[in-house]
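K.L.:
Chain by chain, the residues:
Number of protein chains: 2
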Amino acid sequence: MNREQLINEIKKKNSFLCIGLDSDKSKIPKHLLKYKDPVFEFNRQIIEATQDLCVAIKPNLAFYEAGGSTGWKSLEKTLKIIPKGIFTIADAKRGDIGNTSGLYAKAFFETLNFDAITVAPYMGSDSVIPFLKFKDKWVILLALTSNAGANDFQMGKHKMENGKWLFQNVLEISKHWGTVENMMYVVGATQASALKEIRKIIPNNFLLIPGVGAQGGSLEEVCKYGMKKECGLLVNSSRSIIYAGDGKDFAEKARVEAKKLQIEMAGMIKMKMGIKW
Amino acid sequence: MNREQLINEIKKKNSFLCIGLDSDKSKIPKHLLKYKDPVFEFNRQIIEATQDLCVAIKPNLAFYEAGGSTGWKSLEKTLKIIPKGIFTIADAKRGDIGNTSGLYAKAFFETLNFDAITVAPYMGSDSVIPFLKFKDKWVILLALTSNAGANDFQMGKHKMENGKWLFQNVLEISKHWGTVENMMYVVGATQASALKEIRKIIPNNFLLIPGVGAQGGSLEEVCKYGMKKECGLLVNSSRSIIYAGDGKDFAEKARVEAKKLQIEMAGMIKMKMGIKW
Chain A
0 MNREQLINEI KKKNSFLCIG LDSDKSKIPK HLLKYKDPVF EFNRQIIEAT
50 QDLCVAIKPN LAFYEAGGST GWKSLEKTLK IIPKGIFTIA DAKRGDIGNT
100 SGLYAKAFFE TLNFDAITVA PYMGSDSVIP FLKFKDKWVI LLALTSNAGA
150 NDFQMGKHKM ENGKWLFQNV LEISKHWGTV ENMMYVVGAT QASALKEIRK
200 IIPNNFLLIP GVGAQGGSLE EVCKYGMKKE CGLLVNSSRS IIYAGDGKDF
250 AEKARVEAKK LQIEMAGMIK MKMGIKW
Chain G
0 MNREQLINEI KKKNSFLCIG LDSDKSKIPK HLLKYKDPVF EFNRQIIEAT
50 QDLCVAIKPN LAFYEAGGST GWKSLEKTLK IIPKGIFTIA DAKRGDIGNT
100 SGLYAKAFFE TLNFDAITVA PYMGSDSVIP FLKFKDKWVI LLALTSNAGA
150 NDFQMGKHKM ENGKWLFQNV LEISKHWGTV ENMMYVVGAT QASALKEIRK
200 IIPNNFLLIP GVGAQGGSLE EVCKYGMKKE CGLLVNSSRS IIYAGDGKDF
250 AEKARVEAKK LQIEMAGMIK MKMGIKW
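Keeping their order, the protein sequence lines are chains A and G. Position 81 of the first sequence, counting from 1, maps to 80 under numbering that gives the first Met the number 0, and the rest follow consecutively. Position 70 of the second sequence, counting from 1, maps to 69 under numbering that gives the first Met the number 0, and the rest follow consecutively.
I should point out that these hints are in silico values taken from the structure, not numbers from a laboratory. Errors might be hidden in some of the hints.
A pair holds if it fits inside one copy or across any two, identical chains being indistinguishable in the list.
As the list claims (entries may be wrong) - Below, a list of computed lysine-lysine pairs in the DSSO-like style, where the Cα atoms sit at most 30 Å apart:
| no. | residue 1 | residue 2 |
| --- | --- | --- |
| 1 | K76 | K24 |
| 2 | K199 | K174 |
| 3 | K79 | K228 |
| 4 | K259 | K11 |
| 5 | K134 | K105 |
| 6 | K76 | K26 |
| 7 | K247 | K105 |
| 8 | K136 | K156 |
| 9 | K79 | K33 |
| 10 | K24 | K132 |
| 11 | K136 | K12 |
| 12 | K72 | K24 |
| 13 | K195 | K227 |
| 14 | K105 | K29 |
Please model the entire structure based on the sequences and the hints provided.
P.N.:
Shown next, in the form of structure tokens:
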């Protein structure tokens, strides 16, 4: 999916919601365990119940790899039923030397046919650029993450000698590797106060914002500092949507939570962007 | 496998060789394609031919994920036939927020039963510590990698304001997360000149050294600056061993290359450590 198509989907649905399919076999409703592939059935019902409310779906690979090749099979089946028009993100945080990153790109963009993958920046340009060689596919580079460990290196004890945090240098250097048409950045919702500075470095790249919901980030803060004319945000919620219920009506309950966020987002779009689509 | 057991294997085999199973279906000998699982058959023959010469085996996940769930199946089968006594490393370069890293740990330490996993440090302490909670399992944290992109952030344009490179800060901060019994570090063989400084920060942790062979690193340099009383090194070679031949005798040719490195290593052990085991 290209940038224009993504923006059109956001307009059409009045939403920039990304739903994180962190589907853990030990946490899904018990009645699903009778299915041959409980994780797939869980995902299927969540997708069916929320597809008109979200513009992106983001499975985190850890939850599938925990099941080994069986987990990967559930993921492959899930990808096949995600409706066209929904932007698919492999939250995989990969990155390796050049030829190896090229194989990861093949795995996620060709074998699994994701639109985007999250990538870790530590290994530098040649670990990221192989992902940027696929048409209408996206790198979502980790910049400033939502967890406490972001204070170890990203915005840690020491700044860089140019007076900037590591995450600022990551943004400034990496923005030249791609364009606003194939690079997004991860910025945690718990880091909303940093968004103003981040927008000075990368005014137009889309940001993937996790951490709203269970992790405590505020949607309003995120929009205040991060939203742009063409929206420029994908805000993710995982646990607070997918585990909203644990009975037979879990998918309806997930819909209720997704709808709450979508309505809030529609309000932000109207208020902050000053437009009525 | 614990540290003592690993050191005993190094002594017994007079080798600190790690063989990287970067097994790419498009590069393995053509006659193997008639097998139901060509990648597994390739790995099986390589392992059989080299198991007395190496102390560690390191599949890089990208090569398996490129095949999707089928690739993961080949990896699972491979893990099951690696002989006891060989230290197994998942070269996966994972790392995510705490509960998610915990699931990656489960995937690699329990589902696949690896001894160790490579982890990227960018997300900080809570992305690494969940991996350290498993008995006799290891984190191998990326410190200074062998690729050109290491010059973007790890040892890049800017030092940190404390006068150190990012990779030095990563070593100094992260060494307190674990112990020499559960943490190793990745240092590229192409970075041998930095090993002297690295050994001042982490004198006793084992180092996993990729980049000897196809990437051009020198074993002698690595040993000169990195080797310690209890060896402290695992030196990896992937392509120059596993793709030494492309005919029916590919495994014998791989053995010849592995043997050359093992003999060189035995010499280093004798010369640099001043001992005859």
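K.L.:
Cα distance capped at 30 Å. Does K105 pair with K29 within a copy, between copies, both, or neither?
P.N.:
between (35 Å within a copy, 21 Å between copies)
K.L.:
Taking 30 Å as the upper bound on the Cα-Cα distance, should K247 and K105 be classified as within, between, both, or neither?
P.N.:
Between copies, since 28 Å is at most 30 Å while 38 Å is not.
K.L.:
From the Cα coordinates, with 30 Å as the cut-off, is the pair K134 and K105 best called within, between, both, or neither?
P.N.:
So K134 and K105 pass the 30 Å test inside one copy only (12 Å; across, 34 Å).
K.L.:
Cα distance capped at 30 Å. Does K259 pair with K11 within a copy, between copies, both, or neither?
P.N.:
within (17 Å within a copy, 63 Å between copies)
K.L.:
If the cut is 30 Å between Cα atoms, do K79 and K228 qualify within a copy, between copies, both or neither?
P.N.:
Neither. Shortest intra-copy (32 Å) and inter-copy (54 Å) distances fail the 30 Å Cα cut-off.
K.L.:
Is it within, between, both or neither when you check K199 against K174 at 30 Å Cα-Cα?
P.N.:
Only inside one copy: K199 and K174 sit 12 Å apart there, 35 Å across copies, limit 30 Å.
K.L.:
Measure nothing new, just compare the shortest in-copy and cross-copy C-alpha distances for K76 and K26 to 30 Å and report within, between, both or neither.
P.N.:
So K76 and K26 pass the 30 Å test inside a copy (20 Å) and across (28 Å) alike.
K.L.:
Between the shortest in-copy and the shortest cross-copy C-alpha distance, which are at most 30 Å for K79 and K33: within, between, both, or neither?
P.N.:
For K79 and K33, the Cα distance is within 30 Å both inside one copy (22 Å) and across copies (29 Å).
K.L.:
Pop the pair K76 and K24 into one bin, within, between, both or neither, using alpha-carbon distances up to 30 Å.
P.N.:
Cα proximity of K76 and K24: in one copy and across copies (16 Å, 23 Å).
K.L.:
Is it within, between, both, or neither for K136 and K156, if the alpha carbons may be no more than 30 Å apart?
P.N.:
Classified as between; 29 Å across copies, 35 Å inside a copy.
K.L.:
Within a copy, between copies, both or neither: which one fits K195 and K227 at a CA-CA cutoff of 30 Å?
P.N.:
Within. Shortest intra-copy distance 11 Å satisfies the 30 Å Cα cut-off; inter-copy 48 Å does not.
K.L.:
Given identical chains, is K136 near K12, meaning Cα to Cα at most 30 Å, within a copy, between copies, both, or neither?
P.N.:
Answer is within: at 22 Å inside a copy they meet the 30 Å cutoff, but 47 Å across does not.
Comparing the model with each numbered hint stated earlier shows that hint 3 is the single one that does not hold.
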